[in-house]
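Enquirer: Please arrange chain B on chain A, whose structure you already have, making use of the hints.
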Amino acid sequence: MSDQVVSLGGKKRSTFIDKVKELLPEGGNLSLCLTCGACSSGCPATGLDGMDPRKFLRMAALGMDEEIEKSDWPWMCTMCQRCIYVCPMKIDIPQLVFNARALRPREQRPKGILGSCDLALKNPSTSAMGATPEDFAFVVEDVLEEYREAQPEFADMQAPIDKQGAEFFVNQNSREPVTEPDELVPLWKVLHLAGVDWTYGSHGWAGENYCMFLADNDAWEHITRTTANQADKLGCKIFLNTE
Amino acid sequence: MTFSVRAGLKKFNIDYNFEVKNIYEYYAKWIREGKLKVNSDWNKDLQIKFTVQDPCQIVRKSYGDPIAEDLRFVVKTMVGEENFIEMHPNRSNNYCCGGGGGFLQSGYKEQRLEFGKLKDQQIQKTGAAYCIAGCHNCHAQIHELSDHYGAGYHVVHLWTILCLAMGVLGPNEREYLGDDLKEVNVFHPETAM
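Read top to bottom, the protein sequences are chains A and B.
Using my numbering, you'd call the opening residue of the first sequence number 1 and step up by one each time.
Using my numbering, you'd call the opening residue of the second sequence number 1 and step up by one each time.
Chain A with its partners taken away, still in its complex shape (with noise of 0.2 angstroms):
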C-alpha cells in the first residue's frame, strides 16, 4: 500500500447542486439520495423527454450542470410534490427544479407562462389575463345585478369590491370574469347563503400566480405583496383562496 496520500487536483468548483442547497433549509437534503427510485416510479413525468426526477437529482450531484440547463424537463415537471411525499430522505427534488428553470434567461424561458406573468405585473389586478380593476369591477357589478333583478330570492345577494372590514379577503381566478361571467354566481350564492360577511380587493383579486411558475422570483413577490397588502389595508381576518 502507498504512503503517500492520493489528492485530487484542485478546489471542487461551485456547482447548481450546490447554489441551491445554499437556499433550502436543511440543504433541501439534496445529498441524502439513496437511490432507490421511489420518486421515479410515481411520477407522471417519468419518462417525458428521456428524464425522470432520480436521473435529474444524480445528474445535478454528478455536476452535469450544462446538460440541465439545456433540459426542457423542468417545464414538464409540475413540482407536484409527490417525490418528496413518497422519499424516505424527503429530498426536495421540486425546488432543484423550480432554480433549474431559473438558470434560463427570463426572456427564453416558454412564452405561454412568460406572457401571463407579464400580463399579472401590468396593472393592480394581478391577472395572468391582463383584465383592469375597472373591467373586473365592471364584469362583477353587471352581473350581480342582472341574477338580483332575475333571481328574486337574490335581490341581497352581495359581490363586494373593497369592502373596509369584511371578514374574508376571497380571491377569484381570472377565468370567470373574462371568459364566463355566470360562473361566478354560484359562488356569490354559496357566499351569500351561509352568510359570509366577504369582499374581493379592487388589487390582487386574481387568484391565479404565473410569476412563480415562470420562477421570476422579483415577479412572484411583488404578486404577492400586492393582494396580501390589499387584505391587510381592508383589514380582512381571513385570506381565502377559492382554489
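By construction, these hints were calculated from the structure, which means they are not laboratory data.
Note that the coordinates shown come from a computational prediction; the quantities given were computed from them, not determined experimentally.
Just to be clear, a hint being listed does not mean it is correct.
[What the hints assert, rightly or not] Using C-beta positions, here's what the derived DEER-type ranges look like: (1) 69(B) with 148(A): 29 to 39 angstroms; (2) 26(A) with 89(B): 24 to 34 angstroms; (3) 152(B) with 155(A): 36 to 46 angstroms; (4) 19(A) with 184(B): 50 to 60 angstroms; (5) 72(A) with 175(B): 13 to 23 angstroms; (6) 150(B) with 66(A): 22 to 32 angstroms; (7) 117(B) with 197(A): 43 to 53 angstroms.
C-beta: ideal position from N, C-alpha, C; glycine also.
Expert: Just chain B now, with coordinates in the frame of chain A:
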C-alpha cells in the same frame, strides 16, 4: 392560489395580519353548522357517480389530509355517499393531473397529455360520470384529458354542485354539466338564455 400565497409570504418574509385559508374547509364548516342546506335528494333516483381530484397545491402542498377529508365530507353530502367513488391513490398521495406548474401554458402539449394519461386512467377506473375539480388548472387539464382520451366524463367545480344540491342553480350556471344534469333541479328555469 393557496400555495403561491402561503409559500410567497414565507419565502419573501412578508408581514401580514390575516390567516390564509382555503374555501374547502369553510364549505365543510358551513354545512356542519347548518348554514348551507345541502343534501343529496336530487341524486337519490339518478344515482349519478362522482369522483374527486385532490388538488396537489391545496392537499399535499398546503393543508394535507385534513382538508382532503373536508373535501370528501362536502362531496358526499352533495352527491350521496353511495355515489362517491375514490380514485386510487388519493388524498396527499394523489397523482398530479398535469395541469399544474404552468404546464398548461408551457407549449409542451403532447408531453402534458402523456403526463395526464395516468390521471385519465385513474378516473376511468372509477367509472364516474363526473370528476369534481376545485382547482382551475386541474379543471382545464382533466377536461382536455376526457376529450383527448375519449372517456367523456364531465369536469365540474364544487360550487356548481353545491348550488345544485341546494336547489339554487340557475339554467345559465350549468356550463360544465352534462345533458344528464342540465334539466335537474333548475332554479328559475324561465331565465334560460
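Enquirer: A separate judgement is required for each hint: does it hold in the structure or not?
Expert: Against the structure, the hints come out as follows:
Evaluation of the 29 to 39 angstroms hint for residue 69(B) and residue 148(A) yields a pass: the beta carbon distance comes to about 36 angstroms. A hinted range of 24 to 34 angstroms holds for the C-beta pair residue 26(A) and residue 89(B), which are about 27 angstroms apart. The given range of 36 to 46 angstroms is respected by residue 152(B) and residue 155(A), whose C-beta atoms sit roughly 39 angstroms from each other. In this structure the hint that residue 19(A) and residue 184(B) lie 50 to 60 angstroms apart at CB holds, the actual value being about 56 angstroms.
At about 34 angstroms, the CB distance of residue 72(A) to residue 175(B) disagrees with the hint of 13 to 23 angstroms. Taken as a hint, the range 22 to 32 angstroms is violated for the pair residue 150(B) and residue 66(A), whose Cβ atoms sit roughly 41 angstroms apart. At about 44 angstroms, the beta-carbon gap between residue 117(B) and residue 197(A) stays in the expected band of 43 to 53 angstroms.
The structure fails to meet hints 5, 6 from the earlier list, while all remaining hints are met.
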